[in-house]
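Protein sequence lines, in the order shown, are assigned to chains A and B. Quick note: the first sequence uses our numbering, first residue 54, plus one each step. Quick note: the second sequence uses our numbering, first residue 6, plus one each step.
Hints should not be assumed to be uniformly reliable.
Claimed, not checked - Among the chain B residues that face chain A by a calculated CB cut under 8 Å, a handful are:
(1) 110
(2) 115
(3) 129
(4) 158
(5) 159
(6) 178
(7) 212
Note that these hints are calculated values from the structure, not bench results. Ideal Cβ positions, reconstructed from N, Cα and C, are used throughout, including at glycine.
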Amino acid sequence: MADRAAILAEAARLRARFEAAGAEPVETAILQPAEVLLDLYGEDIRARAYVTSDTLRGEQMLRPDFTVPVVQMHMTDGAEPARYTYAGEVFRRQEEDARRANEYIQVGFEIFAREAPEAADAEVFALFFDILRPLGLRAATGDIGILMAAVAGLDTTEARKAALMRHIWRPRRFRALIDRYAGRTPVPEARAALLAQADPMAGAEPFIGLRGPDEIAARIAALRADAAAGPLSGAQVDLLDALLAVRETCDNALARLRDIAVDLPAILPAVERLARRLDALAARGIDVARLDFEASYGRTQMEYYDGFVFGFHAGGRADLPPVATGGRYDALTRRLGAGREIPAVGGVIRPGLVLDLGGAA
Amino acid sequence: MSLKLGVPSKGRLMDKTVEWFARHGIELGRAGSEREYAGYVRGIEGVELVLLSAGEIPRELAAGRIHLGVTGTDLVREKLGQWDQQVEELAELGFGQADLVIAVPASWVDVASLDDLDAVAAAFRARHGFRLRIATKYHRLVRDFLRANGVADYQLVDSQGATEGTIRNETAEAIADITSSGDTLRANHLRVLEDGLILRSQATLYRARRAPFGDAERATLGALKARLAID
């Protein structure tokens, strides 16, 4: 492990590279109000971030990442378009693997711009690619936006699509929902029994708690509507499976996704965005015929990536976390923007890992 | 150095632990009055009794300040990360049985499973503007369980006692708590989800992996295990 002074020097060097690429250096507080992060990520964030508190300000979190405070800062008083860079500690609880660092330095680069999002995607990726080139890392890319477009385009009810969309980042639950909607798993006994009753709420008293009888009745109505809706067709499930299984070099993946789009035209705009991104990458000298694309990439992370995603991994070092990760998070700016939004893409590098692997360009 | 045995310092858990050791010919007792927290061990040489709050025994085991300890499975798994690398289960003692479960109001006829709870959590958040609250003192166990099962849009609220009452008081919509017979849940108009069992817990004798074991402690542990019929 590189020592802290060396890591800080490397972080400063990387940040200078990002400044040279036009980014304005920014700082954020280490203690972040817990409420914002909890609202975004839910209870899961407590398993990943250190929470502390005092009797005046309530719960605070040791910064688990820079993205949220940088987005907040930009949404409050940022000019457009903007490029930012930052370097500093992030803190992550490690309760499963004591060898993983619970405090490490990240250096980031973020672009907030309304025009030409694919060009911005390519700009971020190509910059990371050049910086990390000497390390011989494996780059992986994906696009959550294609999967979201596929879900939005399924031939099924809006309620089912909303439920699937909500669980895009939880592949197991997503799969269980697909199997249920497709009729591949039987209707649970309890639900069948409930729906067989003329008045399921008869004798349910006393009603206690904040969730009232009207909410229970509304859910029963939703269950009845779902039971009346036809199953998701096997052909649609096959298309979704084919899409999730796409794992090729970018050029082949694009061809494969265009094939799938013939039967699932809803993904066409997202696939064309991928095509424009690949053109923009090629224009920046990236050989897309040698760059990997995985349609499922980024699905198990909690970050609010909703488009292009990428990561740089040390081949043959499965013990190491990714050296760099990033992606597009337009929806996050909407959630934090109090009525405003702006397309945004960015990524972070871990200088400690860069040094462990021999140093960057 | 003697082998330090941590035992709950009061209540039913202490009485049952004393009975369990007595059945194996080992007498545990307080040194002086009922209020004194020093103890004695008769029937085996080299074992020292340390009376502790049951909730602190996992921490003392993890630190290696006691060699052995009796406490609930629930407390060890809640409080110790990678618990099986910190302590070894020597024997389940057959008492203190309790299940950590997720329960909802019995009036929620539309909620039978975690699947339902997840769907209701989404609707609840949209309706009320905050996440569905689950009251518990077992934060880590409950969070890991719900994450493994893909339940989202909930929040845990801390409840160190009278957890069954939180729903009526509208400080929570559901609870995750220890139950043995289910009577308290029923009396409070609550029902356990059909797949809501997080953990079956009972009083267990643990060995601290990090405690210092010299030749004397090792010999004493061997003798104790032979007496307790633990292989």
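Quick rundown of the hints versus the structure:
A distance limit of 8 Å between C-beta atoms decides the matter here; for residue 110 of chain B the minimum to chain A is near 5 Å, and the interface restraint holds. Hint on residue 115 of chain B holds. Least Cβ distance to chain A is approximately 4 Å, under the 8 Å limit. Hint status for residue 129 of chain B: holds, given a least beta-carbon distance of 6 Å to chain A, under 8 Å. Interface restraint check for residue 158 of chain B: the shortest CB-CB distance to chain A comes to about 6 Å, inside 8 Å, so the restraint holds.
Annotation: interface hint on residue 159 of chain B holds; nearest CB of chain A at approximately 6 Å, less than 8 Å. Evaluation of the residue 178 of chain B hint against chain A yields a held restraint, the C-beta minimum of about 6 Å falling below 8 Å. Taken as an interface hint, residue 212 of chain B does not check out: its beta carbon lies about 20 Å from the nearest beta carbon of chain A, beyond 8 Å.
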